[in-house]
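Visitor: Chains A and B, in that order, give the protein sequences. At position 30 of the first sequence (counting the first as 1) the number is 30 in the working numbering, and the numbers step up by one without a gap. At position 117 of the second sequence (counting the first as 1) the number is 117 in the working numbering, and the numbers step up by one without a gap.
Just so you know, these hints were derived from the structure itself, not from any lab. Careful, some of the hints might be misleading.
Selected chain B positions facing chain A (in silico; Cβ < 7 Å) [said to hold, decoys possible]: (1) 22; (2) 25; (3) 66; (4) 70; (5) 72.
Owing to the predicted nature of the structure, the values given are computational and were not obtained by experimental measurement. From the three backbone atoms N, C-alpha and C, an ideal C-beta is built for every residue, glycine too.
Okay, here's what each chain looks like letter by letter:
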Amino acid sequence: MTQEELATLTADKTVDARGTSCPGPLLAAKKAIVEIDKGQIMEVLSADEGTRRDIPKWCTKKGYEYLGTLDESGYFKIFLRK
Amino acid sequence: MTLALFSGSVDKLTAAGVILGGAAAEDMDVEIFVLLQAAFAFKKENAMTNERVAEITDKQDEFLASLKRLNAPHWTEAFRNAKEMTNVKIHICGFAGKVWHGEKLEDFIDLADDICGIGEYMTAAEESDINLFI
Numbered sequence: 001m002t003q004e005e006l007a008t009l010t011a012d013k014t015v016d017a018r019g020t021s022c023p024g025p026l027l028a029a030k031k032a033i034v035e036i037d038k039g040q041i042m043e044v045l046s047a048d049e050g051t052r053r054d055i056p057k058w059c060t061k062k063g064y065e066y067l068g069t070l071d072e073s074g075y076f077k078i079f080l081r082k
Numbered sequence: 001m002t003l004a005l006f007s008g009s010v011d012k013l014t015a016a017g018v019i020l021g022g023a024a025a026e027d028m029d030v031e032i033f034v035l036l037q038a039a040f041a042f043k044k045e046n047a048m049t050n051e052r053v054a055e056i057t058d059k060q061d062e063f064l065a066s067l068k069r070l071n072a073p074h075w076t077e078a079f080r081n082a083k084e085m086t087n088v089k090i091h092i093c094g095f096a097g098k099v100w101h102g103e104k105l106e107d108f109i110d111l112a113d114d115i116c117g118i119g120e121y122m123t124a125a126e127e128s129d130i131n132l133f134i
C-alpha cells in the first residue's frame, strides 16, 4: 500500500506498544492478533526501530499480510491484515 | 529450540529472555536446561535480588538503570511471558542444583518444571533445529 492509502486506512484493532522495547511490540501483536477475525486489519504503534523489520517478517511466517508502515512523530504505525 | 543456559548473570539472562520472546512470537517449542551458574539465579532466594552482570562489569549500574528506563521486563517476567505464549519447558540440571544447595524443585522459582540429568538435554538437542548456549 502507498503512504497515502495507509494514512486513510481504518484499523479494526490498534495495539499501542510505544512503551515497550523489543520484543515487546512483537509479543503485543501476537497477543492481540487472536482478537481479530481473518481479513480484519490491525495496526501496531511502536517506537522500537527493530520492530519495523520484525513485524513484516513475523507476518510472512504466520501467513498474515503486511500492508506497510507509516511514520508518525516519534513513532510509527505498522499495518497488517490477518 | 533448545537453550543450554549456563549464565546466572542478569545481562545474559535478559538476553535469553529477549530470544525467548522471539521464539514465543513464532510459537516455537523451547526446552531450557538450567546449568551451573544459572541454577543460582533460579533459586527462590536469588531470582529477584541477584544483580550480577557478566560483561562490561564496570558499567553495571548504568546497565541496570537502562533496563528500568526502557521498561524492560525482569528476566523472570520475560521467561514467564514466553511460557504463557508458547510451549517452554525449563529443566534444572540436577548437578547444578546440588552445587547451589537446591535438591528439590521447590527450591527454585516456579518457572522451573523439573530437575533432570544431562541425557535429557542431549536427546532434546539432537532433535532441535536450533541449539543455543548462553
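Visitor: State for each hint whether it applies.
Guide: Consistency of the hints with the structure:
1. With its C-beta approaching chain A no nearer than about 6 Å, residue 22 (chain B) sits inside the 7 Å limit, and its interface hint holds.
2. With a least beta-carbon distance of about 5 Å to chain A, the hint placing residue 25 (chain B) at the interface is held under the 7 Å criterion.
3. Interface restraint check for residue 66 (chain B): the shortest CB-CB distance to chain A comes to about 10 Å, outside 7 Å, so the restraint is violated.
4. Below 7 Å, beta-carbon pairs count as interface contacts, and residue 70 (chain B) has one with chain A at about 5 Å; its hint therefore holds.
5. Annotation: interface hint on residue 72 (chain B) holds; nearest CB of chain A at approximately 6 Å, less than 7 Å.
Checked against the numbered hints given earlier, the structure breaks only hint 3 and satisfies all the rest.
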